[in-house]
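Asker: Sequence:
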Amino acid sequence: MRRAGRIDIMRKQKTTQNAALLVLLVLGGLAVAGPSGLLAWSENLRLLDQREAQLEALQKERAALQNKVALLHPDHADPDMVGELLRSQLNVVHPDEVVIKLED
Numbered sequence: 714m715r716r717a718g719r720i721d722i723m724r725k726q727k728t729t730q731n732a733a734l735l736v737l738l739v740l741g742g743l744a745v746a747g748p749s750g751l752l753a754w755s756e757n758l759r760l761l762d763q764r765e766a767q768l769e770a771l772q773k774e775r776a777a778l779q780n781k782v783a784l785l786h787p788d789h790a791d792p793d794m795v796g797e798l799l800r801s802q803l804n805v806v807h808p809d810e811v812v813i814k815l816e817d
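714 is the number of the first residue of the sequence shown in the working numbering; add one for each residue after it.
One thing to keep in mind: the hints can contain errors.
Here are the in silico distance ranges between beta carbons for each label pair [as the list claims (entries may be wrong)]:
1. Met723 with Leu761: 45 to 55 Å
2. Ala733 with Ala776: 48 to 58 Å
3. Leu784 with Val806: 18 to 28 Å
4. Arg775 with Ala744: 33 to 43 Å
5. Ile722 with Ala753: 36 to 46 Å
6. Leu784 with Gly747: 49 to 59 Å
7. Asp791 with Leu815: 23 to 33 Å
8. Gln802 with Ala776: 15 to 25 Å
9. His786 with Gly750: 45 to 55 Å
10. His786 with Glu765: 29 to 39 Å
11. Pro792 with Leu760: 40 to 50 Å
12. Leu737 with Asn780: 55 to 65 Å
Please keep in mind that the hints were generated in silico from the structure rather than gathered at the bench.
Beta carbons: idealized from backbone N, C-alpha and C, even for Gly.
Between the sequences and the hints, there should be enough to build the whole structure, so can you do that?
Answerer: Shown next, in the form of structure tokens:
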């Protein structure tokens, strides 16, 4: 009887150890091959560099647009900018200018 109890305890311990080992193996596998694991780390770094470059380009574009908006402010519009927009958007020219159309 005593021996059967000891065998049951050993089986329970072995089952617990196997379950713990399985959990550790799953966690180790996720640490290596999971979505935020070691194998995905280089891909995440590449995406981060790409997004930082995109952000920098968008910030430059935003600064240029802010400058253009400041030059077109109704209280103090830049005459050169207004003239440039009139020529490009409305096809307005001065009387002493000559327009030459280029065929594409």
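Asker: Please check whether leucine 784 and valine 806 have a Cβ separation lying inside 18 to 28 Å.
Answerer: 21 Å, holds
Asker: Is it true that the C-beta distance of glutamine 802 to alanine 776 lies inside 15 to 25 Å, as the hint says?
Answerer: Check passed, 22 Å falls within 15 to 25 Å.
Asker: Does the Cβ pair leucine 784, glycine 747 satisfy 49 to 59 Å?
Answerer: At roughly 52 Å between Cβ atoms, glycine 747 and leucine 784 fall inside 49 to 59 Å, so the hint holds.
Asker: Does the Cβ-Cβ separation between leucine 737 and asparagine 780 fall within 55 to 65 Å?
Answerer: 58 Å, holds
Asker: Evaluate the given range 45 to 55 Å for the C-beta pair formed by methionine 723 and leucine 761.
Answerer: 51 Å, holds
Asker: Against the range 45 to 55 Å, how does the distance between the Cβ atoms of histidine 786 and glycine 750 compare: consistent or not?
Answerer: 52 Å, holds
Asker: Indicate whether the distance between the beta carbons of isoleucine 722 and alanine 753 respects the range 36 to 46 Å.
Answerer: The hinted range 36 to 46 Å holds for isoleucine 722 and alanine 753, with Cβ atoms some 42 Å apart.
Asker: Does 33 to 43 Å hold as the CB distance between arginine 775 and alanine 744, or does it fail?
Answerer: The hinted range 33 to 43 Å holds for arginine 775 and alanine 744, with Cβ atoms some 40 Å apart.
Asker: Between the beta carbons of histidine 786 and glutamate 765, is the distance compatible with 29 to 39 Å?
Answerer: The hinted range 29 to 39 Å holds for histidine 786 and glutamate 765, with Cβ atoms some 32 Å apart.
Asker: Range first: 23 to 33 Å. Now tell me if the beta carbons of aspartate 791 and leucine 815 are that far apart.
Answerer: 28 Å, holds
Asker: Given a hint of 48 to 58 Å, does the C-beta separation of alanine 733 and alanine 776 actually sit inside it?
Answerer: Since the Cβ atoms of alanine 733 and alanine 776 sit about 57 Å apart, the hinted range of 48 to 58 Å holds.
Asker: Taking 40 to 50 Å as the stated bounds, is the beta-carbon spacing between proline 792 and leucine 760 within them?
Answerer: The hinted range 40 to 50 Å holds for proline 792 and leucine 760, with Cβ atoms some 46 Å apart.
Violation of the numbered hints given earlier is absent; every hint is satisfied by the structure.
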